[in-house]
Amino acid sequence: MFAYIVRRALQSILVMAAVAFVAFALFQYMGDPINQMVAQDASAAEREALRRTLGLDRPFYVQFLVFLKNLMTGNFGFSFRIGTPVAQIIAERLPATLELVLVAALFALFIGVPAGVYTGLHRHGAMSRFMLTVSLIGVSLPTFLIGILLILIFAVLLGWLPSFGRGQTVQLGFWSTGFLTASGLKALILPSITLGLFQTTLIMRLVRSEMLEVLRSDYIKFARARGLTNRAINFGHALKNTLVPVITIAGLQIGGLIAFAIITETVFQWPGMGFLFITAIQFVDVPVMSSYLVLVALFFVLINLVVDLLYFAVDPRLRVERSVSAH
Amino acid sequence: MAALLEVEHLRIEFPTRRGTLVAVDDISLQIAEGEVLGVVGESGAGKSLTGTAIIGLLEPPGRIAAGEIRLMGRRIDNLPYEEMRKIRGKQIGAVFQDPLTSLNPLYSVGRQLVETIQTHTDMSPTQARTRALELLHEVGIPAAERRIDHYPHQFSGGMRQRVVIALALCVNPKLVIADEPTTALDVSIQAQIIALLKRLCRDHGTAIMLITHDMGVIAETADRVAVMYAGRIAEIGPVRSVIKEAKHPYSHGLMGSIPKINDEKERLDQIEGSMPRLTEIPPGCAFNPRCPHVFDRCRVERPELLDTGVTQASCWLYAHG
Chain A
59 MFAYIVRRAL QSILVMAAVA FVAFALFQYM GDPINQMVAQ DASAAEREAL RRTLGLDRPF
119 YVQFLVFLKN LMTGNFGFSF RIGTPVAQII AERLPATLEL VLVAALFALF IGVPAGVYTG
179 LHRHGAMSRF MLTVSLIGVS LPTFLIGILL ILIFAVLLGW LPSFGRGQTV QLGFWSTGFL
239 TASGLKALIL PSITLGLFQT TLIMRLVRSE MLEVLRSDYI KFARARGLTN RAINFGHALK
299 NTLVPVITIA GLQIGGLIAF AIITETVFQW PGMGFLFITA IQFVDVPVMS SYLVLVALFF
359 VLINLVVDLL YFAVDPRLRV ERSVSAH
Chain B
1090 MAALLEVEHL RIEFPTRRGT LVAVDDISLQ IAEGEVLGVV GESGAGKSLT GTAIIGLLEP
1150 PGRIAAGEIR LMGRRIDNLP YEEMRKIRGK QIGAVFQDPL TSLNPLYSVG RQLVETIQTH
1210 TDMSPTQART RALELLHEVG IPAAERRIDH YPHQFSGGMR QRVVIALALC VNPKLVIADE
1270 PTTALDVSIQ AQIIALLKRL CRDHGTAIML ITHDMGVIAE TADRVAVMYA GRIAEIGPVR
1330 SVIKEAKHPY SHGLMGSIPK INDEKERLDQ IEGSMPRLTE IPPGCAFNPR CPHVFDRCRV
1390 ERPELLDTGV TQASCWLYAH G
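Protein sequences appear in the order of chains A and B.
Take 59 as the starting number for the first sequence in this note's numbering and just add one per residue.
Take 1090 as the starting number for the second sequence in this note's numbering and just add one per residue.
Rather than coming from a laboratory, the hints here were simulated on the basis of the structure.
Every value quoted in this text rests on a predicted model; they were computed, and no experiment measured them.
Hints are not guaranteed to be accurate.
Unchecked claim - Straight-line alpha carbon distances no greater than 27 Å define the calculated DSSO-like cross-link-like pairs of lysine-lysine that follow:
1) Lys1333(B) with Lys1287(B)
2) Lys279(A) with Lys298(A)
3) Lys298(A) with Lys1287(B)
4) Lys1263(B) with Lys279(A)
5) Lys1287(B) with Lys1349(B)
6) Lys1263(B) with Lys298(A)
7) Lys1263(B) with Lys1349(B)
8) Lys1333(B) with Lys279(A)
9) Lys1179(B) with Lys1263(B)
10) Lys1333(B) with Lys1175(B)
11) Lys279(A) with Lys1175(B)
12) Lys1263(B) with Lys1287(B)
13) Lys1349(B) with Lys279(A)
14) Lys1349(B) with Lys1333(B)
15) Lys1333(B) with Lys1179(B)
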């Protein structure tokens, strides 16, 4: 168990190094950031001077090593555009994105799993068919369209919910939260539904097909033959056996939520990291872009690690201690 | 002895797009308290379906189309699901073919035992665990105190089937339906499992309906045997009589195909042809195209179970008058 965690941690470090390299290398080819930073009529000498101050004149690998060293020490560099440390900009934006992702993920899990169980158990029911049909919308409509439709209905036509922004936030240390004010909570509703709808329907469909599969298995038949209650069979035996694949997919999807937040944040003008990233692209703000990529990769790696550990909690067959099979 | 289980004129149908398939047709049998009834037949003869129907777990679209099933005089084939659930496990236990897949892989065997015991009794968790330990001892799991917290994948096939038997017997049911309980096991383990099942049921006075295609198992274990063919009972009677002097040509042929240890024959006797599919059951006696003694009546009229002396056979050879 411990050896496994160490092995996974080492793998994660390798993955992070590779991502850092790709993130860094990609942006070497995204145009010259100097053009964005100097005045139109700046002389060649001025440009060179700036290039040297930013370290952009040094060879590629030296720049990468400096980048890596800085990452390790939590120094993400300075934004080319506004000149403030990237770490500080991200720290301002991170809470907005994480809160949005958290609510979207909870929405996806708490709607998706029960809906999946329900449609799995009542396979031929009218309600199940209705839910499956509706879920097609979530699977097939692009996020930006859902966002715009929701804004149109709930913000423009009905006027119930705000169409953009986070509402009022409360500062708790470095963390600005929208959970503590009414307007902050209201502002979370539309973006998190927009962000989580795809994942909700995906999880629902996954849980449903896994439930159908498990309910056909011999141990469910035997559990029925033992006279267990339907409740114990459906939720104790069947649902738990669907969890391993569901945890895998849900974990990957939560990573996906962080990445897809870019679109939702743009639609709702949500002051999070995705929105920051889009702005950074427009201004070829390389340090912000590479830090964003590295951070998203870090979330993915962490989530995968948690997912792997959850497997152990759920499935005893994976706890490979000494084999005790005796004949 | 009073009949514990009575099955009367049971008919199981599967409605399909091309018409209704009759998988089990007009089966009647009784099991007395503490009796071991063997049910033999080829695959598709309807043995397992009959067992499944008795515990009320026929999978739709399969359904009981006619007949009655009574347990201790009480009709159980038309009970609501929740009523029947309380009978399953408590009064009728079941052991299925594959012990590798009968246990939920995510729960320890102790937890599965405790869960079953607590479903059917008022025992506290501690009492139920004590009972679970006793059961594991009784089915011969070594070091039960340690093994009780192990998961199914940590047990071998034979040990898992012992756990399954413990689960089936955990609240002392009156009847156990054992559907091919040894088919998936090693030959060396099969005899142990059968002996265990037989000993436990004798000790607790539990009746067994032992479904198998292994005549050897039947010969060793059963008191009476029902030979099934194409959804009907071909012959039913005391196991010794059916093996030694089978009256129905099918069961006679079946017994002829058991290898004998001091036999010089190169090939085993076999019955020509194969059992008809459900869609192609011939009129009259289902066995008539393969029967060596076939005559005109067999091709038009279906025989009921007729008395042959010791056993009952559905064969016109025994029609008197």
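So, going through the hints one by one against the coordinates:
1. Lys1333(B) with Lys1287(B): Holds - the C-alpha atoms of Lys1287(B) and Lys1333(B) are around 22 Å apart, at most 27 Å.
2. Lys279(A) with Lys298(A): Holds - the C-alpha atoms of Lys298(A) and Lys279(A) are around 16 Å apart, at most 27 Å.
3. Lys298(A) with Lys1287(B): violated, 35 Å
4. Lys1263(B) with Lys279(A): Distance ~20 Å between Lys1263(B) and Lys279(A) Cα, so the pair holds.
5. Lys1287(B) with Lys1349(B): holds, 24 Å
6. Lys1263(B) with Lys298(A): violated, 32 Å
7. Lys1263(B) with Lys1349(B): violated, 35 Å
8. Lys1333(B) with Lys279(A): With a Cα-Cα distance of about 37 Å, the restraint between Lys1333(B) and Lys279(A) is violated, given a limit of 27 Å.
9. Lys1179(B) with Lys1263(B): holds, 8 Å
10. Lys1333(B) with Lys1175(B): Violated, because 41 Å separates the two Cα atoms, which is more than 27 Å.
11. Lys279(A) with Lys1175(B): Distance ~15 Å between Lys279(A) and Lys1175(B) Cα, so the pair holds.
12. Lys1263(B) with Lys1287(B): holds, 14 Å
13. Lys1349(B) with Lys279(A): violated, 38 Å
14. Lys1349(B) with Lys1333(B): holds, 13 Å
15. Lys1333(B) with Lys1179(B): violated, 37 Å
In summary, the numbered hints that this structure violates are 3, 6, 7, 8, 10, 13 and 15.
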